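Sequences listed follow chains X and V, in order. By the working numbering, the letter at position 105 of the first sequence is numbered 105, and the numbering carries on one by one without gaps. By the working numbering, the letter at position 93 of the second sequence is numbered 225, and the numbering carries on one by one without gaps.
Any given hint might turn out to be false.
Said to hold, decoys possible - Result set (SDA-like, lysine to any residue): computed pairs, CA atoms no more than 20 Å apart in a straight line:
hint: 1; chain 1: V; residue 1: LYS250; chain 2: X; residue 2: VAL31
hint: 2; chain 1: X; residue 1: LYS25; chain 2: V; residue 2: SER177
hint: 3; chain 1: V; residue 1: LYS191; chain 2: X; residue 2: PHE34
hint: 4; chain 1: X; residue 1: LYS25; chain 2: V; residue 2: GLU172
hint: 5; chain 1: V; residue 1: LYS250; chain 2: X; residue 2: GLN28
hint: 6; chain 1: X; residue 1: LYS25; chain 2: V; residue 2: ASN170
hint: 7; chain 1: V; residue 1: LYS191; chain 2: X; residue 2: TYR110
hint: 8; chain 1: X; residue 1: LYS25; chain 2: V; residue 2: LEU168
hint: 9; chain 1: X; residue 1: LYS29; chain 2: X; residue 2: MET92
hint: 10; chain 1: X; residue 1: LYS29; chain 2: X; residue 2: VAL17
hint: 11; chain 1: V; residue 1: LYS191; chain 2: X; residue 2: ALA40
hint: 12; chain 1: X; residue 1: LYS25; chain 2: X; residue 2: SER35
hint: 13; chain 1: X; residue 1: LYS29; chain 2: V; residue 2: GLU254
hint: 14; chain 1: X; residue 1: LYS25; chain 2: X; residue 2: MET14
hint: 15; chain 1: X; residue 1: LYS29; chain 2: V; residue 2: THR241
hint: 16; chain 1: X; residue 1: LYS29; chain 2: V; residue 2: TRP175
hint: 17; chain 1: X; residue 1: LYS25; chain 2: V; residue 2: ARG171
hint: 18; chain 1: X; residue 1: LYS25; chain 2: X; residue 2: ARG37
hint: 19; chain 1: X; residue 1: LYS25; chain 2: V; residue 2: LEU162
hint: 20; chain 1: X; residue 1: LYS29; chain 2: V; residue 2: GLU172
hint: 21; chain 1: V; residue 1: LYS191; chain 2: X; residue 2: VAL95
hint: 22; chain 1: V; residue 1: LYS191; chain 2: X; residue 2: VAL111
hint: 23; chain 1: V; residue 1: LYS191; chain 2: X; residue 2: LEU113
hint: 24; chain 1: X; residue 1: LYS25; chain 2: V; residue 2: GLU254
hint: 25; chain 1: V; residue 1: LYS191; chain 2: X; residue 2: VAL47
hint: 26; chain 1: V; residue 1: LYS191; chain 2: X; residue 2: TYR115
hint: 27; chain 1: X; residue 1: LYS29; chain 2: V; residue 2: LEU181
hint: 28; chain 1: V; residue 1: LYS191; chain 2: X; residue 2: SER35
hint: 29; chain 1: X; residue 1: LYS29; chain 2: V; residue 2: SER169
hint: 30; chain 1: X; residue 1: LYS29; chain 2: V; residue 2: ASN170
Said to hold, decoys possible - A few chain V residues that don't get close to chain X, going by computed Cβ distances all over 10 Å:
hint: 31; residue: LEU210
hint: 32; residue: GLN213
hint: 33; residue: VAL225
hint: 34; residue: ASP246
hint: 35; residue: GLU249
What the hints assert, rightly or not - Residues from chain X that keep clear of chain V, each with C-beta distances beyond 10 Å, as calculated:
hint: 36; residue: GLU68
hint: 37; residue: LEU75
hint: 38; residue: PHE84
hint: 39; residue: MET92
hint: 40; residue: TYR93
Source of the hints: derived by calculation from the structure; they are not laboratory data. Computed from a predicted structure; not experimentally measured. Just so you know, even glycine gets a beta-carbon here, dropped at the ideal spot from N, CA and C.
Letter by letter, the chains look like this.
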Amino acid sequence: MVIIMVVSMTVFGMLSVVSVYTEQKLTQKTVDTFSLRYEADAQAQRVIARIDEALLASDETTMRANVERIDGVSLSVDGDEIHFTQTISQEMYLVVVLGNLNPGSASDRYVVLVYQQVNESEWNPDTGITIY
Amino acid sequence: MNQAKRSPVLIELIIIICFMAIALTVVIQLFADVWLSNRETVWQSHSMLALQDQAEMFKASPDAMQTGDRVYYDEYFLQPQQEETGYYIDILVTPMPAAAGTLYEAVFTAYRTDGEEKQVGEISTAHYVAEQFEPEGEAENA
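Let the sequences and hints guide you as you build the complete structure.
Put into structure tokens, the structure is as follows:
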């Protein structure tokens, strides 16, 4: 009787430890992902600041040279959009697209068209099982 | 020969009670550690949601927050509180003027105080606000 009680309490204790350990790992992973996401977001804002500075100092002819001088930033072929990405993790990126460009303008030099977190991990959905 | 045989039941009972006491001590300590670890995890998880709330409010209106602002929360960082509590988020905002606007950098740190202040979580973010300059023609007419 005593042995059964001790064994059952020990088993419950071990189950609790495993459960808390799993929760801790998951929470830490979530916290790390949030932190990386906001760091990438902050870096994207710094890049937008540099792009805005380049646009303010440019006109239609010098815009491409000034914008593409910024690391990681590219201008579309027709000069309508600016694209760049920030890495969040191995499989996640922050994609930013600026449009409605007005180089040299006193105001509204760009509009943020896309500001999106993209996940490039492989998606393997369950295809289901035949039950009947 | 006349001595009554001592019953071993009493001795066995004492041994069993000692064994139970030792086992219970170990198991109860284990449960207590598990409870404390779980509480830390809950703080970490909830504080991250509260930090996210503050970061998103900052991004919506970066000049509404200033360095030194403090937001108090209830015991598990679920609801903001008006009165001072031992659970709060400190805000540090640094506006950095740029040629075409202002880049606001912010750090949000969650603390809990149980006798001593302990950091529970932190988020850093930034938001750029482009400056709208007056066109030269309008400035002259004004």
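Provide an ascending list of the numbers of those earlier hints which the structure does not satisfy.
Of the numbered hints given earlier, the structure breaks none, since each of them holds.
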